[in-house]
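As you go down the protein sequences, you meet chains A and B in turn.
Just so you know, the working numbering puts 235 at position 211 of the first sequence, and the rest follows in order with no gaps.
Just so you know, the working numbering puts 255 at position 231 of the second sequence, and the rest follows in order with no gaps.
The set of hints was computed from the structure by calculation and includes no laboratory data.
Please note that the accuracy of each hint is not assured.
In this list, chains with the same sequence are indistinguishable; a pair is considered to hold if it fits within one copy or across any two.
Said to hold, decoys possible - Subject to a maximum C-alpha distance of 20 Å in a straight line, what follows is the list of computed SDA-like cross-link-like pairs (lysine to any residue):
(1) 314 with 233
(2) 153 with 316
(3) 287 with 257
(4) 296 with 188
(5) 296 with 101
(6) 296 with 269
(7) 153 with 247
(8) 314 with 168
There are 2 protein chains.
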Amino acid sequence: MAAASFRSRHLAIVGLGLMGGSMALTLRDYADTITGVDPGPETRELALSRRIVDHATGDLRAGVADADAVILAAPVRTVIQIVRGQIGAYLRSNTLLIDIGSTKQDICEAMGRLPIGIHAIGGHPMTGKEISGLASSDPRLYVDRPFVLCPTRRTTPATRLRALGLVEALGAIPIELDAARHDRLVAAISHLPYLLSVALVSTAATEAEEDEAVWQLAASGFRDMSRLAGSDIRMMGDIIGTNTQAIAVLLAQFRLQLALLEKMLLSRDEGKLAETLQPAREARLHWASKYNR
Amino acid sequence: MAAASFRSRHLAIVGLGLMGGSMALTLRDYADTITGVDPGPETRELALSRRIVDHATGDLRAGVADADAVILAAPVRTVIQIVRGQIGAYLRSNTLLIDIGSTKQDICEAMGRLPIGIHAIGGHPMTGKEISGLASSDPRLYVDRPFVLCPTRRTTPATRLRALGLVEALGAIPIELDAARHDRLVAAISHLPYLLSVALVSTAATEAEEDEAVWQLAASGFRDMSRLAGSDIRMMGDIIGTNTQAIAVLLAQFRLQLALLEKMLLSRDEGKLAETLQPAREARLHWASKYNR
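Chain A with its partners taken away, still in its complex shape:
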């Protein structure tokens, strides 16, 4: 069996934010040339001056035309537009096309309609930082983090091996899932938590209209639970807007769990309340210790 490995003569990274910039830094030794494609002139200038990329352009066609590997590191809806748009006509045959969008069904479906000969596979690295933007790029952003790969109708066995090699080059842990399964899973561990965080902050803000001291008292528990509510709206709007069905299912399940807790609380049966709290505590502690999170 062929081994997973990644080399590129000419790598194009579309989107020079935190994720794309960190890719460029990490893949420096795996590509002869790196071209960055980004609509922002200042971002391109920064990428060139810090030698994060060798070439930079705002023109997608010019940026990807000569590449043998292309990473789409833009917001989800932008990735979908690019894949549904002209990129199929711009790419050379046998080029690896991978994205890093946070939802995968729409993207992988669109990748499946690309011309035969494009080697397309969906990707989702489970990593990030509070601060976005190229200036925060970090060559260790992907190290030891899960990196989901989702096959498309344009994923050949060779595509898969090359993508696995890319994940290995990044130091990440590959997890192969079909797109629908990926989207259900991230609804549970990422999109639902985001919506809970937003609804919590909205609730606190409503209370604060009556009593400003809410903000003064809020401490580390609130800090952790409200952090996700501070996420970039454009990025999160794209993500949850392309995963509405899976999120709706999870919200229904969450409501059940919360109603059960409330019932136990209001029934004032301390033994039963403790029994309801205990499994979640054990699951959380087990997860944190098993996965070292």
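Let chain A serve as the given structure and place chain B on it in line with the hints.
Just chain B now, kept in the frame of chain A:
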């Protein structure tokens, strides 16, 4: 006007956990003698061997009989039992009695029924650590953190000043609130977040019954949102069990906010969804920067 200040000839701390132990370490220079009262022989031994306290006993009466200041640093229901029980008969007249329980109405109400001459006031320091227990004690645990003081029917002006002096000695920021207002506020910023965290982990665990990969994919967002679910059940059960009414009101408000988000999400109107997400993002960022959290 008399200035707030704290000195004690003989300070008794009832409950030598993280909170009580940290108090003892911080108040070393403000008390001639410190006695620790704890039911655990090993805890008492550790407190003595590390010189966190000068004397240690498992007997409440013996521990508090000579004190001129007593801090109740036990779980909420234990504090309620102690205040409702015999402590009023054990204490000398003019002794300062303060607790650090996380809910205040039941405790302050019980304090109000103590014999006249006991100077009782409710307290709630907004601090903590993931690891509990005396061994984790930290003399800086209270520094720059809010410390709520709630008056009772046994709070004289002198009681208040002495308690403010105690808060100052700890390096904390005093916030004076009546008990009912305190309990409403902490329901919003502490008890509701805890229940959301538990319900989130329960939801993920239910998903994991169908697909184990849930745990493998869960990353930093889930880590933050699930941390509170790992809290000590005894401690949290006491806390939420003594604040059910305020929590029920907040849960109703939260459900409204979550339903509004779900409606915007399912209506697939991206502009309106963004408009709904934006105020929470701004409130969160404003809070984090204003209070440096």
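Pop the pair residue 314 and residue 233 into one bin, within, between, both or neither, using alpha-carbon distances up to 20 Å. between (42 Å within a copy, 17 Å between copies)
Using 20 Å as the alpha-carbon threshold, which applies to residue 296 and residue 269: within, between, both, or neither? between (33 Å within a copy, 18 Å between copies)
My question is about residue 296 and residue 101: at a cut-off of 20 Å on alpha-carbon distance, are they close within one copy, between copies, both, or neither? Classified as between; 17 Å across copies, 46 Å inside a copy.
Which holds for residue 314 with residue 168 at a C-alpha limit of 20 Å: within a copy, between copies, both or neither? within (14 Å within a copy, 34 Å between copies)
Within, between, both or neither: how does the pair residue 153, residue 316 come out at a Cα-Cα threshold of 20 Å? both (18 Å within a copy, 19 Å between copies)
Using 20 Å as the alpha carbon limit, work out where residue 296 and residue 188 are close: within a copy, between copies, both or neither. Classified as neither; 48 Å inside a copy, 39 Å across copies.
Up to 20 Å CA-CA - residue 247 versus residue 153, copy category: both (16 Å within a copy, 14 Å between copies)
Could you place residue 287 and residue 257 in one of the four classes (within, between, both, neither) given a Cα distance threshold of 20 Å? This pair counts as between: shortest inter-copy Cα distance 17 Å, intra-copy 34 Å.
Checked against the numbered hints above, the structure breaks only hint 4 and satisfies the rest.
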